[in-house]
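Participant: Below are the chains, spelled out letter by letter.
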Amino acid sequence: MSIHKFGTDIIALLYALVKAVQVYDLNNDVVQTAAKKIVYSLKTLLNIYSSVQLVRYMDYVFFNKQRLRFEIDGYASLQFIHDKLKTLGIKSLSFLPGIDKEEMIIFASIFKKKKEEFTNGYSSSGFKRILVEFSTEEDEVPDFLREGERIKRTYFKALKVTRNLMQNLWMNQPIDVKSSRRIIYNLIDSLTQDEFGLLTLTAIKNLDDYTYNHSLNVGILSLALGQRIGLSKKSLAKLGSAGILHDIGKVALPKELIYKSERLTNEEWELLKKHSDYGIKEIVKARGLDETGLISMTIAYQHHWNYNGSGYPIHNKNESPILFSRIVRICDSYDAMTTPRMYQVVPYLPHFALRVMWKLRNVWFDPLLTKVFIQLLGLYPIGSCLELNNGEIALVIRQNQGYSEQPIVKIILDKDEKKVDGKVIDLSMNSGIKVIKPIYAQKYGVNPATYFM
Amino acid sequence: MESGPRYIIQSLAKAVKVIQMYHINHPSARNFYNPLYEKITIYLKDHPVIEYQIDQFIISNRGKAVYKEDEKETSIAFRLFRNGIRNISFISGLSFHELIKFLKIISKISKDEDIALELWEGDFEHINFYVVEEEDEVIDYKVPDFTKMDIDYDAKLREIIARENIDLSIPIKPNLAPDELQTLKNQIAEAEQTSGIPLAITTLISYLNTEKVHEIIDILKELLELCIDNRNFYDAIRIVNKLSEYPDINPVAKFETEPIIIGFKDVINTTHQETFNEFMNFISFFSKKSIPYLVRLMTFAKLKKRLQDLRKAVAYVAQDDPTTLAILLQDQDIDVLVNTIAILGFIKSNETITLLEPLMNHHNAAIRTEIIIVLTELDKAVRIARYLDDDEEIVRIKALQSLTRLKYTVIYYDLLNRIKSKTFRNLDFAEQREYFNCLVANGGHEVITQLRKMLFKWVFFRRKRYSVMRKLSAMALADIGTGHVLDMLRRGAKRRNKSISSACEMALRKK
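Protein chains in written order, with my numbering: chain F, 585 to 1037; chain C, 7 to 517.
Be aware that a few hints might be false.
Said to hold, decoys possible - Computed list of lysine to any residue pairs in SDA-like fashion (alpha-carbon distance at most 20 Å, straight line):
#: 1; chain 1: F; residue 1: K818; chain 2: C; residue 2: K191
#: 2; chain 1: F; residue 1: K1007; chain 2: F; residue 2: P951
#: 3; chain 1: C; residue 1: K162; chain 2: F; residue 2: E971
#: 4; chain 1: C; residue 1: K179; chain 2: F; residue 2: Q663
#: 5; chain 1: F; residue 1: K589; chain 2: C; residue 2: L50
#: 6; chain 1: C; residue 1: K191; chain 2: F; residue 2: A920
#: 7; chain 1: C; residue 1: K162; chain 2: F; residue 2: A920
Honestly, the hints are just simulated from the structure, not real lab data. Keep in mind it's a predicted model, so treat the numbers as computed, not measured.
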């Protein structure tokens, strides 16, 4: 079993115990059995690790420094424990060797209570083998989360690899297949460690030429969505490669067309649409006919097929796009809508892009995947600028798992629209602060990228 | 046996060294990795995981160095570290197969090998590892330029809302209902199992349905080769079907060579009937050029049914033109000859007899037998009757069976005379029985009288020997099986004559 699996098992067992003490008397068999199970698991783990620790930071829960991903399986238990830790103001929860059933049951019985009762109950019960560290106003980033630089390196390395790949295809130069294969695994590992680190970088936009930047962003968004729905690492590798390669057919089109700043004529538009067809042979050049190449070929061809059978290239309406193509379709549209381009100087705000996608679910987009995508990004994705009910302007810096309308924000402008290095507020914490509407940061001369890099 | 993390990593290092010197399958290598697997398994019985941290020349477990080797060429720590691997764990449930795959990867000597990439692609279930990206490369990144533009952003926003007709009052509830979650899970399970080849073929065919593009055709041809190599005839047929729409393309031409066709011998004896059936469909696209090789391929068939199917498939390839097989009728190989004759039987052409004429009296009984089968298919009873005097019993029996099937009434009196002749009693029982079967098939009403006479005939001498004739007559009567005949047998069974009664009883029992 992986550490992640150990962690999700402990979360599930803790969830079961807390739920049991909410319903039954502490001496009831259901409670006793649930406690016995978690203690047995903890004891097994304590044979390997000196302690078993759950840490909450922002909307993450870590099990012995390994972040537990919110996946569609086990979502409810992780969400519950996360919310509990948050509302009780617990930063970390450590289980030490020697833990027994009785201590566990008493802990569960106070864990179910409200913050004040929990705090009092914890200090008066004298737990010896369950240690709680409470959050302070400004919790420091856990050391194992200080991966920001590494994630940035991975992102920019991936951008470089994507650029080289497309440029080499453009110029008929040899392709460095190994680098492009390797970078996908780096991206997967980075996403596993910190999903939102990479997603934040996809929100910055225009870090490079649109074609390269967009290709990489679609790859990352697809990986994040794929990871959220629980795809295996092997499938993620295929999906990520395919996401990056989805627009590769554009290298077969005249550069003037790709970089044209005015609106395209109908003829030019028809030519541009050919990139889905051309993608096939470019992928064969870039990847050969290995499993990833074959899947990527299909995705490049289908990434403009709509859920209802419409879209291009023209195809039999009964032929449905495969799951991976439907994922890339969503990520491609989202990134395209939210990125400024020559002929779209003002892009869609992420919130409105998601609203358009919500409206077009069942028509253009797979409805279930659209839901998961919105769960992943939240209704106000990272990088969104929000007007708050207290008159301040804030920037979304983190998602709040399970609270898609209440992200974690940083105040960037005060009530007088003056730039400030404001505090970080978790909008899900009943502070009375609410979102009025999303706005363009540019309106206030704010460059969100400066906050993330 | 010592099985702690220190011993395990040291055994692993030794195993890697030996694999590099010999080969993974070499007995010396086995002597190292078999005990290594045992050590790991023993340790993992009590511990869910063994975790190692990798440094440049040192490997540690729970902070303690358990392996140290400063020599870059031989150090496994250095080999892993150089590839960015900083942590490796073996998890309970590790299979022998996984360990071997892992050892193969980390034993690769070439400096060009990317061990991290291979470990990633190895998709290990019970081996975890953590890789960091090379730090030696300078990657510049800076905040993208930002210039404030003179744009009315609020107006732009209103424009987008109006254009997209966005109703901001509509709530967005992205939670999945249980049935939606299940649907998604099913879709994921299906996607995880889907192979790239059928998908790519569907895509390429879809493309060609709108436009004929040579590059796409070439990719399909490459995929066709891949399918054939993988014995995936189902997808191969999909490709061939599509490419056959183009008159200037013969997608199977490349496979119509002797080495490739003979190479299909594994397919004709495969345990997967479906693969064989798909192979049969696939060869139906072959041209006449492939026939000699396909006939040779038949000699490898181990199952009679499969052989027959192959013969039918080749008959289809020959397209009702028996002359394409003429050259093979001169072959010296008996198996080739037999198969060629059998295929001619399926073609059912008038030219067949002419082609077979030189072989009618071939010295080999198998050839003559096969010819009888073909003659049967062509309804040539007169020619078959000639084989009643063949030297080989097997040929005569085949001829009798064919005449039975064809109902050649002209032969009736000849058969009767043969049965009544003294030499008939020298034949084996099996052949005698075929004579009676043939007699019944070609005899009409008169045959009952004859059989009754033979059954109840009163004999003085050689009674015991005649009892065989009674049995054969009784069995033939039972085969006719009308009420009148069965009454006759029942009465016979009550006769005092033991030879008659036992023949009748036996016939009735078998009935």
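Participant: Which of the numbered hints above does this structure break?
Facilitator: 2 and 6
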